[in-house]
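Enquirer: Taking this note's numbering, I'd label the letters of the sequence shown as residues 698 to 1028.
A hint or two may mislead.
Said to hold, decoys possible - Per label pair, the in silico range of CB-to-CB distance:
1) 973 / 926: 57 to 65 Å
2) 957 / 842: 16 to 24 Å
3) 792 / 934: 22 to 30 Å
4) 799 / 936: 45 to 53 Å
5) 926 / 792: 26 to 34 Å
6) 932 / 806: 47 to 55 Å
7) 965 / 903: 44 to 52 Å
To be verified - Here are the simulated lysine to aspartate or glutamate pairs, EDC-like style, with alpha carbons at most 16 Å apart:
8) 897 / 869
9) 970 / 925
10) 951 / 925
11) 970 / 1018
12) 766 / 752
13) 1001 / 1022
14) 964 / 1000
15) 1019 / 1000
16) 1016 / 1000
17) 741 / 752
18) 997 / 1022
19) 862 / 780
20) 985 / 1000
21) 951 / 973
22) 923 / 910
23) 997 / 1018
24) 862 / 819
By construction, these hints were calculated from the structure, which means they are not laboratory data.
These numbers come from a predicted model, not from an experiment.
Idealized CB from N, CA, C, for every residue including glycine.
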Amino acid sequence: MTTRQLRILLVILIPLTMLAAEIFGSSEDVENQTAVRIYLPRTKTITSAGLTMDDIAHISGRNGKLAAKVSALPMGRAPFPGEVLVLTRKTIQARLASEGFRPPKVLLTGAAEIRLSRNTNDYSSDDLANAATEYLQKRIASKGVFWRVSKKPTPLYLAKSNNCKLLMAIDEKSPAGHLRVIISAVAGKKTIASRMVHFKLTYQSQRVVAMRDISAGSAITPQNVKIESTIVERRPTGKWRSPFGGLTRKAIAKGAVISPNMLKAAKPVIRVKRNEAVLIAIRGKGWKITTRGVALQNGKIGDKIRVRNIDSKKIIIAKVDKSGEVIPLTR
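Given only the sequences and the hints, what does the whole structure look like? Please build it.
Expert: Put into structure tokens, the structure is as follows:
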């Protein structure tokens, strides 16, 4: 390359370099803006059941207050004894960003992922409860059923020489409204120890709530009540029935939860009266044939009544339709 060509190249590169530094900032600028540095190692041994950023990374920086906040950031559960838990840098970056810790103030460096393990075979009460919870989540997918730990087990201490593994099973003798998970520490074919985690079951249900004061004998409508989802301690029995159309047995105050025994069914309305002229209708797909008749009985919607065909003088059995017509029943 000639001296003249070198000069031309420098004339082009120097402005470009200055423009890039202006847009992106120099490495020195980024370094000066960084208040906290987080270095992620490839592996880490965890000693507790909880997990914070301080447990998985090396944290340093000029802003001690910000570094303390980053250090205390919860990072989920720790690996169970014998388990290797892998966290990727992207996962950690997302967790930091969700709390507002973003570059350049907080800079994450180091490995692309970290493999976490425990240095003990001791299981705390929380370890066992968390393991049993994950076991249920993988095996029970009953819609509208939830559970919470109601009683934690005592810790489980195992000698490392035993090479135990944990096996879990649902206690088939669990009482109604509860689940019990049996955790057994097994070495070969021998059960070394066992613990039990108790869960209380709750269920999703619906309830009717008055949106205004409702007087006695009033009809329940979408204008005066609302249907809410709720969690109950007992499994709902029977199919949930809509309250609309029912009448209140007594006055109900705004905000009160309306139970089925606070309502009564409205009296069915007579749709067809005795000796009243009616239309006898026979329907098919895209067609309908009608003829005149006389009702020989009173009838509500859905009732079967006797009807005389005016043209043929024959008496037939027909079902009262919501339209007011009667539909002959085939025998």
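Enquirer: What are the numbers of the hints that this structure violates, sorted from low to high?
Expert: The structure breaks hints 1, 3, 7, 9, 20, 21; every other hint is satisfied.
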